[in-house]
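Q: Please model the entire structure based on the sequences and the hints provided.
The primary structure of each chain is shown beneath.
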Amino acid sequence: MKQALVRNVALTAVCVILGVLIALQMKNVNLSNLREENIAELQTKLIDLINKNNELAERNAELYDYVQILENDKASGNAQIESIVREKERAAIFAGLREVRNYGIVITVQSGEGIDIRDSVLRQFVNELRNLGAQAVSINDERLVATSEIRSSGSNLIINGNNYSRQEPFEIKAITDPKNETSILDYLDTVKRAILADGQIQSDQYSIQISPVPELTVPALNEDSIAFKIDLLMPKSS
Amino acid sequence: MKKKFQKQDKKKLLQQSLLFVIFLLFGIIIMNHVESVRSETKRQDLIFQYREFEKQLQDQQDKYARLEQENKELNERKAAVIEALLIDQGYDTLSNELQYVRVLAGFTEVNGPGIIVTLNDKPGYDILKDSDASIVHDGDIRHVIDLLRNAGAAAISVNDLRITHVSSVICIGSTIRCNQSRMLPPFVIKAIGDPVALQSVIDGDEMLNLRKSTEIGLIVSSETSETVTVPPFMEADQFQRYITLLEGNTP
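First to last, the sequence lines map onto chains P and W.
Position in the first sequence (from 1) plus 51 gives the number in our numbering.
Position in the second sequence (from 1) plus 20 gives the number in our numbering.
Careful: at least some of the hints might be erroneous.
[Said to hold, decoys possible] In silico lysine to any residue, SDA-like type, Cα no more than 25 Å apart, as pairs:
hint, chain 1, residue 1, chain 2, residue 2
1, P, 243, W, 117
2, W, 32, P, 104
3, W, 24, P, 92
4, P, 103, W, 78
5, W, 32, P, 58
6, P, 243, W, 163
7, P, 96, W, 47
8, W, 92, P, 101
9, W, 75, P, 104
10, P, 96, W, 78
11, W, 32, P, 103
12, P, 125, W, 117
13, P, 139, W, 117
14, W, 75, P, 92
15, P, 96, W, 74
16, W, 142, W, 41
17, P, 96, W, 146
18, P, 139, W, 24
19, P, 139, W, 195
20, W, 142, W, 107
21, P, 53, W, 146
22, W, 62, P, 104
23, P, 139, W, 267
24, P, 103, W, 70
No lab work stands behind these hints: they were computed from the structure.
If you're wondering where the values come from, they're calculated on a predicted model, not measured in any experiment.
A: Structural data, given as structure tokens:
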């Protein structure tokens, strides 16, 4: 009788422990699924940010030195006007206000007879050229700036406020780094093949030529161009 | 009597079998638990490492915000000193020209009426259940930028990064980058321009309307405002790196 009681108590204890262990086990399974990949991803972000901070700190130090020089110039009345003029000139080049000439790539896009060229095809090439580090881009000699529109309106395509027939070939020019010629041409060729293989636009019968040019000219955009929308950027009241 | 013994043997055998099964199960669970404790220790290490990196990341993000603010202040100070210096020396025209060119280049903060468009992933996005269209892609941001440009925007920024003619919004791995910076959702696109025209292109865009349908659930919200602030190009102090192929090549 006593033996049976001991046995039953022992069995009950074993079953209780078993139950607790099963519960613990389930809890462990349900715990967060943090993996090494999450840490690797975080680490990559961290390294990226550290590099960015180092670069920005360096830039700030240079900028600080330059501001000091300018302040000293101002105090001594001995301004380095030439360097300011040079900076203005550089900013004008960046802004697209100066014609530029260098090695580059020309992309000619033509659609089948009587078929309108889609604005999206031109925008895709322009976006890709920007991704590839193009420093100056034009379409049909319209220099593209940050706010240049490329949109279709009926049978025309509007760029910087000017109309171009969608049934005529479009010529995109871009000044790119000649050192990256092979990779840039390969990439653009991939883009071209993707466009030609796109089921939705296959019926447009596009013909696309991509070629490097030892010297091409990308014209300037006039500072009065509608593309700059200066009236919105510099209200008359200011 | 023999029958009684046989019955007792059978009962004993049953009890022993039951005990055997319970102890076997017990043994397996104990082993499993030991294994779990081991992996738990490893997981605890991972959690520790993760939290450590998270803390470092936060510190670096704070540092970046400080440096960014310092950069902004230094650029403003530089512009102010140049302006004062030129005016002091009688170069008022050059000062005005410089300011004008800097505005056109996107090197200054600009304010005006406009629109703020926000794109975000579907709340609670589940990679197994939800469509790929329920998260924001680089192409979506480019699409909104193109819509705003085509509707006459005079200045555009994405997550406070000014869009210039050299800006590209591109997906690298799992993150979207713009102007050398990683961007995380929500993507806030600000544009200065006619609020009615800008709102109209966003409201009327088929792709955006499809993506924000209940089935796909992408978040696309927009609001017009009388004062939208678009920040300057962050790299305005070192824009020379974007004209290396152009400088010296102007006729």
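Q: So which of those numbered hints doesn't the model satisfy?
A: Going through the list in order, the structure violates hints 1, 2, 3, 7, 11, 16, 18, 19, 20, 21 and 22 and respects the others.
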